[in-house]
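Residue numbers (this note's numbering), protein chains in the order written: chain A, 969 to 1282; chain B, 146 to 430.
Calculated directly from the structure, the hints in this document are not laboratory data. Owing to the predicted nature of the structure, the values given are computational and were not obtained by experimental measurement. Built from N, CA and C at the ideal position, the CB exists for glycine as well.
Cβ-to-Cβ under 7 Å is the rule here; a few derived chain B residues that face chain A:
#: 1; residue: 186
#: 2; residue: 241
#: 3; residue: 276
Letter by letter, the chains look like this.
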Amino acid sequence: MKRGMKLLVGVLVRIPEEEEMMREENTEELEVLEAQIKHLQAEVKGLHQQLQEEDCRNITFNFEGPMKEALAFMCGLTEGEGKEVVVSKLEEEVEQLERKIKLQIQINGISVTRCITKTLDHSGRKEVQLFCISGHCSGLDFQVEFKLSEVQEHQRTVNELNVVLDSKDPQSFSSFLSRVEENNNLLLFFRTLRTFSDRCADRTRAFQHFQEKFPSVVSLPGGCRSEVMRLSHPELSGCVFFVYWSFEVSTEGAVILKIRLLPKIPEQALQFYSQPAGGAAEAFQSLLRTLGPEATIESVIRGVGLLPDAEPSS
Amino acid sequence: MEGASSNGVLSKLSLLEVEARSRGSHPQPQQSRVKELKAKVEALKTKRDQLKAELQTHKLLQRLRLSEVNHSEEEDMDEDSESSRVLRLMARHSELTDLLRAHRLIGGYEVVKTHQGKGVCMSIATGYEGVYLDTYNLEMDTNPKVRISRHNIPPFIPLDTLAEQSDLQTGIRTFLDTLSQHLNAYVGRRQQLKLMKEQHKSVEVMESNILCSMLVLMFTMPEQVAVLCLLDYKDLSRCLPTQVKLDCEDEKLTDSPQWKKSCSLLLELPVHRALTAMKKMGTVV
Chain A
969 MKRGMKLLVG
979 VLVRIPEEEE
989 MMREENTEEL
999 EVLEAQIKHL
1009 QAEVKGLHQQ
1019 LQEEDCRNIT
1029 FNFEGPMKEA
1039 LAFMCGLTEG
1049 EGKEVVVSKL
1059 EEEVEQLERK
1069 IKLQIQINGI
1079 SVTRCITKTL
1089 DHSGRKEVQL
1099 FCISGHCSGL
1109 DFQVEFKLSE
1119 VQEHQRTVNE
1129 LNVVLDSKDP
1139 QSFSSFLSRV
1149 EENNNLLLFF
1159 RTLRTFSDRC
1169 ADRTRAFQHF
1179 QEKFPSVVSL
1189 PGGCRSEVMR
1199 LSHPELSGCV
1209 FFVYWSFEVS
1219 TEGAVILKIR
1229 LLPKIPEQAL
1239 QFYSQPAGGA
1249 AEAFQSLLRT
1259 LGPEATIESV
1269 IRGVGLLPDA
1279 EPSS
Chain B
146 MEGASSNGVL
156 SKLSLLEVEA
166 RSRGSHPQPQ
176 QSRVKELKAK
186 VEALKTKRDQ
196 LKAELQTHKL
206 LQRLRLSEVN
216 HSEEEDMDED
226 SESSRVLRLM
236 ARHSELTDLL
246 RAHRLIGGYE
256 VVKTHQGKGV
266 CMSIATGYEG
276 VYLDTYNLEM
286 DTNPKVRISR
296 HNIPPFIPLD
306 TLAEQSDLQT
316 GIRTFLDTLS
326 QHLNAYVGRR
336 QQLKLMKEQH
346 KSVEVMESNI
356 LCSMLVLMFT
366 MPEQVAVLCL
376 LDYKDLSRCL
386 PTQVKLDCED
396 EKLTDSPQWK
406 KSCSLLLELP
416 VHRALTAMKK
426 MGTVV
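Kindly produce the complete structure, drawing on both the sequences and the hints.
Here it is in structure tokens:
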């Protein structure tokens, strides 16, 4: 008994000593932990900042809806079956977006192939984003760059517009483009581009139509998308008319038609024509005003004796 | 039992027991603090790892978006195909969202299918010189024929006439293009009037109409000569006037080169800018 008591007392007497030691260890451990926490907090703060900077550096992303869930998935926050749901929801939305894009291209007649957005400033009430948009419209490649400022969903403004248009005939667009950039008239640029490409398509259709209808007379030395149509007599190789069908774009964005007829008739053949060939150009312009381009060209083909069975006009 | 000595030990024992028991119900403050901090460390570690993964995802998405490769067609045989697949879907999603936004910003007609595909709703954006202005909406039935059902286009825009001129059945886009031209021209003229009122307080607007197709202004030339200016915008698809008439009492002024220059400025430039140029020339006070 006495021995048991001695042991017991011994143990109980040791406890305070151990407590003392434990208290010392705890203090150390606490210090270590507190240091760790400080370090981690600094890391987290740094990461938050880096994320904000990424937005401004290359591309701005918007994580909402299925995208937000997908981001959580990438961070390892989604469990088990949740993963399948994330993937299928995302796929569904992507398919929906693909359909929308197809519809937009169809209805707009413009194909946008690339759009990169960068947030430049979103402090306070104003948000400024930089846009780089490129695409094509019936064979014309374009690239626009501009800053978009939005003041709290009130007014959206375009600034510092820069337009690059890859056109075979830069002259017809140059004064229009510089005016558009001066006035940041983004919408006007695209309206005009569409109109221009529509008029070009009209011309191509007309040229192709004439080539099919009068194959022995009509040729397109530059292809059906060019400005030139060549009318030649099937037998008299020296008698040639050139139709120049071009466009000029005014600073206001109006697409103006310019069609000219250029006869190239050698001296000897002139005797077959009662009217001097030079008058043909003026007659052409006045016909244009009344009949329009296609009917005028057709009457030139018929009337100037280019068709094999037609008599030269006397 | 031992006598007094054991009593002393026992009492000490019971004291210690009491102490021990009291410690049991209130755990040592040091111990709980350690647990608390350990938990905090774990939470911060998790947050840090999550943010790192988010940052990594951002960087990978940017690389995918900025690369020239058409990633949607690539077959991926990666081991980690699950997250790689999600990443590519995310990149495609953000690309498509940006492309749709681009379409809207460049003035494309925003189309939304309605009534289970039996109708469409189109939005026409308008703007003037970099400022986005009103958006107009048109709802159309597509079955059996294409027909405009609802819209918020102002009544002074000849919608029905324009619809008749273009064949809605075959060329909706021609119709939309013409309508958009008219709407943008109207909105442009209206904006010019607003800017003119803001920038040229000395110029008085005598008359204007809701379509902004006619404007009568009064401004002063040097030596207090009052000039009446009539601007006629007969072509409703344009923002610039088709006719300018300046009138004043002093007959001599009407023949001066300054007068002719002012007339041509008012024909070539939007009214607020024409007036600025005229002020610079000293024609207008």
